[in-house]
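A.B. asks: Residue numbers (the numbering used here), protein chains in the order written: chain A, 1 to 609; chain B, 1 to 609.
Hints are supplied without guarantee of correctness; some may be wrong.
The list treats identical chains as interchangeable, and a pair is accepted whether it falls inside one copy or across any two copies.
[Unchecked claim] Below are the SDA-like pairs computed for lysine to any residue, each with C-alpha atoms no more than 20 Å apart in a straight line:
1. LYS509 with ARG587
2. LYS525 with GLY340
3. LYS88 with PRO251
4. LYS206 with ALA521
5. LYS23 with ALA501
6. LYS274 with ASN78
7. LYS591 with LEU507
8. LYS19 with ALA99
9. LYS236 with GLY265
10. LYS274 with GLU46
11. LYS591 with SER502
12. LYS596 with ALA494
13. LYS470 with HIS563
14. LYS470 with PHE305
15. LYS585 with SER595
16. LYS239 with PHE305
No lab work stands behind these hints: they were computed from the structure.
Number of protein chains: 2
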Amino acid sequence: MIILSARKSTETFNYSSMKFYSKKNLHFLLYDVFQIENLAQYPLFEEHNKETYNMVLDACTDLSTQKLRPILTEMDRNAPDFVNGRIKVHPDMKELMQAFGSGGWINAPLSYEEGGQQMPYMIFNATIFIMGAANYSASVYPFLSAGAANLIRSFGTEAIKAAYLENLYNGTWQGTMALTEPEAGSSLGDISTSAEPTEEGYYKIKGQKIFISCGDHDGVENIVHLMLARIKGAPKGSKGISLFVVPRMRPDAEGNLEFNDVTTGGIFHKMGYKGAPIAHIITGEQDDCRGYLVGEANKGLHCMFQMMNEARIAVGFNATSIASAAYYASLQYCRERSQGRRMGTKPAAQSLIIEHADVKRMLLFQRSVVEGSLSLLMECSRYADLSRVTTGEEQQKYEAILGLLTPVAKSYPSEMGCLSTSTAIQCLGGYGFTEEFLPELFYREARIHPIHEGTTAIHGMDLLGRKIAKDQGASLNLLIIEITETIQKATEVASLQAYAASLGTTLEKIADATMHLSSLAMQGKLEAFLADSTLYLETFGVTIIAWQWLKQGLVATEKLGGHEDDFYQGKLYTMEYFFEYELPKTRSLLKTLQSKTSVTVDMQDGHFD
Amino acid sequence: MIILSARKSTETFNYSSMKFYSKKNLHFLLYDVFQIENLAQYPLFEEHNKETYNMVLDACTDLSTQKLRPILTEMDRNAPDFVNGRIKVHPDMKELMQAFGSGGWINAPLSYEEGGQQMPYMIFNATIFIMGAANYSASVYPFLSAGAANLIRSFGTEAIKAAYLENLYNGTWQGTMALTEPEAGSSLGDISTSAEPTEEGYYKIKGQKIFISCGDHDGVENIVHLMLARIKGAPKGSKGISLFVVPRMRPDAEGNLEFNDVTTGGIFHKMGYKGAPIAHIITGEQDDCRGYLVGEANKGLHCMFQMMNEARIAVGFNATSIASAAYYASLQYCRERSQGRRMGTKPAAQSLIIEHADVKRMLLFQRSVVEGSLSLLMECSRYADLSRVTTGEEQQKYEAILGLLTPVAKSYPSEMGCLSTSTAIQCLGGYGFTEEFLPELFYREARIHPIHEGTTAIHGMDLLGRKIAKDQGASLNLLIIEITETIQKATEVASLQAYAASLGTTLEKIADATMHLSSLAMQGKLEAFLADSTLYLETFGVTIIAWQWLKQGLVATEKLGGHEDDFYQGKLYTMEYFFEYELPKTRSLLKTLQSKTSVTVDMQDGHFD
């Protein structure tokens, strides 16, 4: 129902009945486009089938609808607070952490022996997507625990595993990733938190960490930081960084908890994503903070990258979650709100605004972003699943393509999520700017994603300067083979030929631009090579999403088979929208990428006044 | 100074010492590019000169720095509240309203006889820009009074003028524009507030208005609404709407104030722009609300358009104000923050982030938006000034071009202001998402501008469907002559020839696209004609701003004259940025505009699930 009068008090509304994602679309991607049931051919996944997957997804939707969505606006408006040196979060988080743990929402991908469900990432990540669409802030708590626990599981000693894993996976303790420092954000090589070896085997940790998500809160008994620090005497830069488990309370041999000299310096007040506390953490003020080495000394960044790659895909999912929630909020509004008359008609009563072409354009834009991004993220999850069950060259191929797609899968949904949620606001007009409706909340939440887990610029450099350059384009070629396969299939379908051709042409132009930029690198012009890598990433991203739309278009065309069906027809229209309105953006980006200008290099500090 | 630790309490920071606009750039536009001193040839402006203009601008800057900026964050964090049926605003607003009134900030363009200063709009609008950059919310109060008072001045009877003008212009009373109703936002023709004639000459008003900026507050003695309503029996639609003065308290013959049955239904809680209250207003609940007709009956929309056109230009200025404040906040951060090393160098210490090409790109983007928009808005202000002092064909020409440019001058800064403030956040990384720094506040504030005073879609239809179509392109041709003049001048300067050619080519393509779209209209395909008018507006906007950059480039090249000067060199780099990174965006837009797709028309409600 549309609320047309101004709010008279600070009452909050219950949005739990509002749709926040499309189950039909999720099933379309999982079962029709990516054919997850094929995974059953591998022993790891052989006990799963459509029925078990749907049970998981439905249970996740129930939890999200009944427990997460009802506290969405409360968590935003009564943000966590810093009281007497500790952070207080929404009172429901205590019960929720238990629910996340007992429901298997933290450890589902683990083997049965480890207490997990051998869940494919396609399904596990779908649950991240669903929970994030219901209530992004609440959904990050379990995800952070999973990331921390998975690092311990991969690199920790048996003693550390025994001491930490159970409580992290069952939701009793909170895990974090503690990387950033005041002077070391994007530049991790410059972290200065120190670790001094002791004869007892542990290290004495001293230093400060900032922007630590869920770095402290009263919804759990203990906080376990997976923290980067520099062992005294270690090499400078990124080759001297090690990974430690640094608990707030350290368990002794009997499992009793003792304070580990980890204090909370404060909380960051943020524009959105308010329900999850972001803490300033101080270690070793009393010279009694113990850290336990995880993995090899000085190989901390290597270990951390496992967590960061998972986190980057998760950020892509969450950015898509928020855009999805905003899309459905605005779609509902457009179907209820009357205003003006459809162009060319003169009825006495006003038209629903969904009848206006420009409103439909705004909805199509949002849907193309949401469903295009989700498709790419499912593609990435599929590669992650396949790399778990394959070996040798095949496995290397999946890992190479996943590595190449990761910066895109993180950045495209993040950047476009900001525009998509903004478009949701625009659909509501003046109401969209008010707190009576949800889009403004989503707009504020979405803005974190182009920043955390590596800014968009960092991912541009990762794509062009590392992922493409490291093997002289070999990974890129593997990806191009995959895309070309889709193009070839589409060429055989009359209604898709034009789109196939359009994608093929764009791909060739990207190859040209890549050659052009690489030639700069080969001439030693490193700064010019990477100066526009953010634009390169954007170009690459739009093209990859066009590939995903063509994939979806192929399946939708087949399913439709000449009959009438709103869902598949809507899919095809949205594909058409993407190819006609979004893919052309690569034209201007490629023009700039191939330009001879060096203005962003030439411009100097003094010229900015 | 960069604050690197988390905030421990709800302390607020004093940002009054931070730069929020460039005086040098403002002077460059006023004196060098638009040569405001030439206005002295007209009697209306003959007493003004550079010295008097600078006195006004400096006084405005002092007021903004000393009174407006210091309460910027307070007004955001302690937003107006609805208490016992009335709206309470920041306590300083009482003093500020007096200061706006006594300082002449409400009535400066008026003639000396009317108590004004015969101030050119170029200067008056520059003061709107400066105050908006200091504190947007605070700056709208006087502007709204000016708009309301100017309507009374243009269309009111002598009795109404005598009763209202003085108190509106001196800041004792607040003026508003009361258009929107729950069922009539973009669709003003559907207004249902009723006005019943009485034998006493006044009308009895009954109805509800929403989203009324400054619609009620305790910083003034009275609120005077310029309200649209429908006289009983009037024609349906926009031809039956009349304009009324509807005061909250009505003055009697002796000037005593009596309650006029105008109550406040509530306040809208918004994402940003929080310091200015947006009210829900109820009239005639006791059947005792008197409204006084302004202008002719049923011609209310015509009258209101005077105010709306002024307001649209002002919104452009304010969007630019906010982007300017965000630009300087992020520029300061980039000059103080060290992170990483400049590409291709390996110093021991980290580089200032302003040394990174991608950071410079983000700053160039912001600057190109801010200074490009401000230039266009000054161009519009110049046309407004010239139309005040000319007659006949010359005046018609200025009015035609101003009319054509108004949707662009409103929308380009509004849309790009959202992206520009977002880029300011990105420059700050994680800090940009926190309330410790200003960009997040600007990001929230900027989002209102694509909505109020007509959404971007409304302006797209205004440009293509009304302003260009109404005279078969005659106004458009007048504008093209102006642009062509700049192109010709630039063609004579070797370093600008490529830019001149590029702008010329784009202009031709826009002409082609306009022909293509017009042919649809001529075939009666009205829906297809206007379906992409938002994209047409965007294309037009980027091109117009390129024109403004070429204008600035011409002057900067001449001023530089082969010497070194950071300001002029920076201008030329920013022009280069705009032509290499922004103008190419028209390529993809034009591709879409010329596409045969009709997907936004074909897609139907049911396809969206």
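A.B. asks: Just pull the numbers of the violated hints for me, sorted ascending.
C.D. replies: 3, 4, 5, 8, 9, 10 and 13
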